[in-house]
Amino acid sequence: MRVGVVTFPGTLDDQDAARALRLAGAEAVPLWHADHDLKGVDAVFLPGGFSYGDYLRCGAISRFAPLMTELVPAAQAGLPVLGTCNGFQILCEAQLLPGALVRNAGLHYVCRDQGIRVDNATTAWTADFSEGQEITLPVKHGEGRYVADAGTLAELESSGRVVFRYTGSNPNGSLNDIAGITNEAGNVVGLMPHPEHAVEELTGAPGVDGRGFFSSIVRKLVDA
Amino acid sequence: MARVIVDVMLKPEILDPQGQAIARALPRLGFAGVSDVRQGKRFEVEVEGPADEAAIAEVRKMAETLLANTVIEDFVVRVEG
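Top to bottom, those sequences are chains A and B.
With the numbering used here, the residue at position 16 of the first sequence is 16, and numbering never jumps.
With the numbering used here, the residue at position 4 of the second sequence is 1004, and numbering never jumps.
Only chain A is shown next, with the shape it has when bound in the complex:
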């Protein structure tokens, strides 16, 4: 199974994402922001960083990249897509996910190990977790406060589309402690924490709880 990893100018976590995918048994296929080409991949990982320098707003420029004009319709047609951190911001700017990510309430850039609860274990990227499972992943962001209007928030809550919630203290003031959400179909998932930094005992400071994301997608693609 082939999973694309997108690199924009300013992307930081693409190498970790590719490594995490390879450790899970997938082939990581580099995708370049300036290409109109998804290279026939079975899923796409949008990694974190500061794409296009985060100019204007995080993800505001990236959403119009040539690669995104291919990715948006493919995601709408069911291609599994995971966006972490800046990738989550891009998915919201591209309106593949509702709401937006704005400046942390405390104004500080937060970098720490964070408790997360998996509230939806049915998406393409979370099937290997169990509902209610508590995991620890690194967070590192200055603009991760999830906001949406009251109607959108109520719909996300009532339809089980809040996939991840912060446990312990909320790092950024995110509404309803939301750390990640999914689209209606469950194929597009975005979250601020970084599963790709938690897949190896040696370097994954908080452990290897990130592995579940990659084993989930690999199993889904094998079963498909």
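Note that these hints are calculated values from the structure, not bench results.
Don't take every hint at face value.
To be verified - Below are the SDA-like pairs computed for lysine to any residue, each with C-alpha atoms no more than 20 Å apart in a straight line:
#1 B:Lys1011 x A:Asp149
#2 A:Lys220 x A:Asn183
#3 A:Lys39 x A:Ala224
#4 B:Lys1011 x A:Gln95
#5 B:Lys1011 x A:Ala154
#6 A:Lys140 x A:Val208
Starting from the known structure of chain A, fit chain B onto it as the hints suggest.
Then chain B, alone, in the frame of chain A:
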């Protein structure tokens, strides 16, 4: 040539921690009587030709597409001068 201004502000219901930090700093600097500060962005768009209705409509489209994220921000378009 004409200059069209686009002011982008976070919607009133969206918390603006940067504005709050500025509001908290003002009294420390001796500025009294400020009850609130909201921080926004101003874009100066130079258009070729006159700032007629068509040009303003085009800038409005730019604002909706790129300059503002209407999920979290409101914008106002006006002609300077």
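Verification of the supplied hints:
The suggested pairing of lysine 1011 of chain B with aspartate 149 of chain A holds, with an alpha-carbon distance near 10 Å, which does not exceed 20 Å. Between lysine 220 of chain A and asparagine 183 of chain A the CA atoms are separated by roughly 17 Å; this keeps the pair inside 20 Å, and the hint holds. Only pairs whose Cα atoms come within 20 Å are accepted, and lysine 39 of chain A paired with alanine 224 of chain A is accepted, the gap being roughly 19 Å. For the given pair, lysine 1011 of chain B sits about 18 Å from glutamine 95 of chain A by alpha-carbon distance, which is consistent with the 20 Å threshold.
Restraint check for lysine 1011 of chain B and alanine 154 of chain A: satisfied, since their Cα atoms lie roughly 19 Å apart, inside the 20 Å limit. Simply put, lysine 140 of chain A and valine 208 of chain A have alpha-carbon atoms about 17 Å apart, close enough for the 20 Å limit, and the pair holds.
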